[in-house]
Amino acid sequence: MNVGALPPARMRRLTDMTTFYAILMDGMIYASWLFLVAAGLTVIYGVMRILNMAHGSFYAIGAYSAASLVGWYFSSNGEANPYWSYAILVGCALLAGLVVGFVIEQGLLRFMYKRNELLMVIVTYALLLILEDATKLVFGVDPYFTYQPYSLLGRSMIGELAFANYDLALVGASVVVGGLCWFVLNRTHTGKVLRAVIHDREIAVAMGVNVRLMFAGTFIVGTTLGALAGALTAPSISVSPGIGVEVIVLAFAVVVVGGLGSIEGAVVGALLVGLTRSMAVHLAPEIELFVIYGVMSLVLAVRPQGLFGRTVARKI
Amino acid sequence: MTYIDRTGLWLIATAAILVAGAFVLPHWLTFILTLALAKALVVQGVVVQMRAGLVSFGQGLFFCVGGYAIGLGGNLLGIHDAFALLALGLVASVGLAAVIGLLMTRYRDIFFAMLSLALSMILFGVLVKSQTLGSTDGFNVHGVSYLGVTFDGANQKIAVYILTVVVSCACALFLYRSQHAGIGRVCEAIRENEIRVEYLGLSPRWILYAQYLVAAAVSALGGGLTALATGHIDPEMAFWTTSGEFVFIALLGGTMHVAAPFVAAVLFAFVRTYAIEFTPHTWQMILGLVLLGIIIFLPKGLWSLVSRNRRVKA
Amino acid sequence: MKRLKHIVRPMAVATIAAAAITAVASPSVAAENGKFRLGVVTFLSGGAAGPFGVPSINGAKLLINALNEGKVPGPYGQKGINGLEIETVVIDENGGATKQVEEFRNLAERHKVDAVVGYISSGDCLAISPVAEELKVPTVMFDCGTSRLFEENKTPRYVFRTGLDAAIDNIGAARYVVDTNRKTSAVASIQQNYAWGQDSWADFRAALTQLKPETKIATEQFPKLFQGQYGAEISAIAVSKPDVIHTSFWGGDMEAFVLQGAARGLFDKSAAILTCGESALDRLKGQAPNGLILGARGPFGAFAPKNELSEWFHKSYVAQVEMAPSYPAYKMAQAILGLKAAAEKAAAGKTGIVPEKEKVLDAFTNLTFESVSGTVAMSRANGHQALQGISYGEYRYDAKTKQASLANVKSYAGDCVTPPDGTTAAEWIKAGFPGAKCGN
Amino acid sequence: MSTPILETKGLCRSFGAVIAAKDINVRIEAGEVVGVIGSNGAGKTTFINMVTGYLPPSSGDIRFEGHTLIGKAPRKIIRMGMARSFQVAQLFPELSVLENMLIALVAAESPRPSFLNPVSTPARLRQADEILTEFGVERFRDSLVSAVPQGARKLIDIAMALIGTPRMLLLDEPTSGVSVEEKFPLMDTVMRAVRHHGVTVLFVEHDMEIVERYVSRVLAFYSGEIISDGIPAQVFADNRVRELVIGHGHGAPASEKSRSKA
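Residue numbers (the numbering used here), protein chains in the order written: chain A, 1 to 316; chain B, 1001 to 1314; chain C, 2001 to 2440; chain D, 3001 to 3262.
Derived from the structure by calculation, the hints contain no laboratory data. Be careful, since some hints might not be right.
Facing chain C, a subset of chain A residues (Cβ under 7 Å, in silico) [unchecked claim]:
| no. | residue |
| --- | --- |
| 1 | Thr18 |
| 2 | Gly191 |
| 3 | Lys192 |
| 4 | Glu264 |
| 5 | Ser278 |
Virtual Cβ for every residue (Gly too), placed ideally from N, Cα, C.
Build the full structure now, drawing on both the sequences and the hints.
Pasting the structure below:
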């Protein structure tokens, strides 16, 4: 094998403005996708202290239902206004998240809130196994290829590089989702109550907060966020079995880096992971595979609670 | 102080029966048993840490190191003796654990779980990147001898099976003793209340470190025996779903008794084999339902069935 | 809850005990039930199920049913295999090599299958090969492409491969690029980061550099398997301004890459060659730009020659699955037909019996048989590896008929792209393809 | 003058703006029984936490039998001959009382627990039974700690601390969470054991009756400072103590949080 020509080329690229913009843009797009995927995970952990391994399955369910319904929309009436497909994407995600979240919370999780945090990880691991096959039973193993909403928006040139407008819109979507989460938590009454639950569950109960209701609501919101991430991703990929398992470790990494349970943390974690990865792809593709775990291990080694995590000293 | 109590005798007797079984049981059965017992050794590693309240979602790391030591020892160092190879894996694994254990013992709960997962995935990444080691395809293990004796075909598998039973029995005896010795009891105490352990004048980190090394050692033996049995190793051994399976089996058996992981691993192997055969499309779902059932109805694992019955009789 | 536990506990004990007893005691049913028992192993779950596993199992079921009814045309009119009905045991290939070795032993020793057909993953093939030799089970690898299969198993007896070595895909791809006069002063690569991707790229790069020494590599991208999002990689490739992009992507990853790349105009200025592209021929629906170069890992799928057998297969498949068969379906059919041909040759006219195993192996070695992809000669690796040609062609989509087709198809004969026995693909490429017999 | 068993010099500690200890100088001789009083947030628990190594002081020195404790982990301090109990009993809830005792016994024997020697030996079982009897909790021997009443838990907590044969014992509110009727019997039991083992004791207490009955000396804390130090009668007569400590009663409204930062 000849391994010539690469190092000098890379040196040149370091100083290249196009590469610089590309790193920034790719990093931002990837980071917003990561944030969409991780938001639901961190919300559920923040309020309920459940590290939800089945989060990836919600992503997959969102992706599958969106892909199949949008696919059906285009194949059943060819004359239809294609822009409606975006509404279908979001609608699907909301519906799927609502139904799946409600069923799982009411049917299973609410009986187990007294169990310890680690056991809940394993409960959700069991859920992951079940949902993987359930998704397969419902949607089959053939990949769903629902490209219309992706190619419909065309592309924009940024410098010398073309970017798909759909990807740019994804950045907007994640800003909206992040903004909504922030608004609900910081500017509404419900948010205030939620923050009380996050801060100290026992005191919140003592203050008369209906924790059960809060938990149910949070879980459904978290599930819906997962499904939404899947639905918004569906048009740009080929939806096939196993996509849920692939995203779960990524989402973990983002959330752990940012600090479990923190929305701000998820934003920063996503940006850090996204930009680092994009830098690796452009400048040192051979280390791309380790970058995410590397960032995660490094952050954990220096700051075990994550960048925005709180340490709670034990009272003795 | 090397007395062996009733449980010890039971373990030895079971091992003896299993060894005798090598000449009676069909080969496919001894092979499943070999893999299940080898896997159970890794599960023992998970269980040892679980008793101290730590759940490792990355025990595949040491499983993989043990397995690759067998393959690399043969291909690079020219070692072909099974015992020497197992020892090599053991040393490599404990050496690695000695280094990363310094970091790992600072973490608890979910952070321990996540960091162990990340470290295992880093090894996975390194191996996938190593084209000389066959990347994801891994490579085959050839020509292993047993103290100078080589076996062919089916006899070789019987040799691995007997070796696995013997190693498992030895590990079980050791782990049983340590579970009921100071270190085992203190581990439970750490799970219950780490601050109190510190205020009894003990170092929780030192004790967790020691157990981390023990877990790495038995996991490496499990990896080594798996490699000897299947004759093949690949990076999948370090992938997080492999580690997830070990946690699954650990919960299935429970942490109460040293025999539980062995029983659970054998049961798991059969459940999976038959699930794959009868419902090739939904075997994961069946596993998930079994796991949920265990958590809901038998939170202390299958072993609580046995101990419950015994208490009623007594 | 408490009362429930009282019921559940004894029930659980009883169930487990019963399961354990049946598990251990269930007799390994002898295969002498007048049927030919065939183990079929392919992906039923995971990312490889959709693009490869499902078409292959569809192909297997279709062919086996037709064989059992005696409806297959050509030289395969005899019912089942040698007049015996074929009975299948289907196993999911997902779960890693260790599990596959375990399942293979189950097939061999518990189910006592007469033969096994299967394996897509190269890792599984490598792990199974020594076990097949040890357990003496005739095993036909239908799809996996690793060159190491017969480099490691130098004197195969029980292992056969009716599919092609992946090196051939990439040697063929390099020849196609050269023969269609593409510039190669900047070649970009994007491969899934695992053995398949790494090996494919190594072979392609070596072959292309050998054929056109002025070739320069612009960038090499190795995203994670099943990553799905290739934004950064596409930018990096675009920045490197390549003449040619090579990828061995398959399945969902390939479709996603094509979609995302096309949306960003990646293929407007560069020629892209997809060695596994044909499996998505009917799925891309114009999302891939015309001119994309697709391969099918041999003369399969849309590259299959027109003959009685291939037309029958295509027609029956479309009738049953409502989709054109992609190359994994052809490759599975080829493996089963090869086995049938060998078994019937070994039986030498004595129908209605399972022919002697050793004789089947002798018959299979160096066998020439008719397949859905034309005539196949088992003439490499001491007669255990099929020798066939490879074809590449450009994607053409007709927006009016909504039909995809292939243009500028070039085929290379087996002798042109396959190393002779005794030399590895890498050595052969390096030496400048000595002895290659190419039509031009 | 002999070396005091415990001596602190200029001990300071703050949590952000909250000052929990300000220039604390204490000298305790072997054999004393010292009571620490003060309203919530006065820095009593912080003092114990600093002495036993749970919290590092911002400045100052702590000496135990002449050896500094600064920079030492709790386990090292315990090994030097110090022990403590906790405001909320710190036990191993899902283990039986006997197992709790056995673990404490094993810990007392060596800082490196054995990998092979069984914990429950006849000798240790006998010792555990003796201690449980001494503290009057032998009837809970085989119950899980989580099923044992509060008062008994406090006793078990103190019993565990005494197993390591310390020379000095710090008790953090030994009677908090215990019913009024149980308080005196509990303290009687504890003090009997303490005298039996010849241990120097310092305890934090809110109940002035208990302080009065058992101690030979009182330290009164107010917002991180010692405002009075002497025999009980003298301290209780001090006007500042009457105003700032006793006058406040027990359930003083000072913030729960700042006190329990530990």
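Taking the hints in turn, this is what the structure says about them:
1. Thr18: Holds - the Cβ of Thr18 of chain A comes within 7 Å of chain C, reaching about 6 Å at its closest.
2. Gly191: For Gly191 of chain A, the interface hint is violated, since the closest Cβ of chain C sits about 31 Å away, which is over 7 Å.
3. Lys192: With a minimum Cβ separation of about 35 Å from chain C (threshold 7 Å), the hint on Lys192 of chain A is violated.
4. Glu264: Status violated, d = 24 Å.
5. Ser278: Result: holds, 5 Å to nearest chain C Cβ.
The structure fails hints 2, 3, 4 (numbered hints given earlier, in ascending order).
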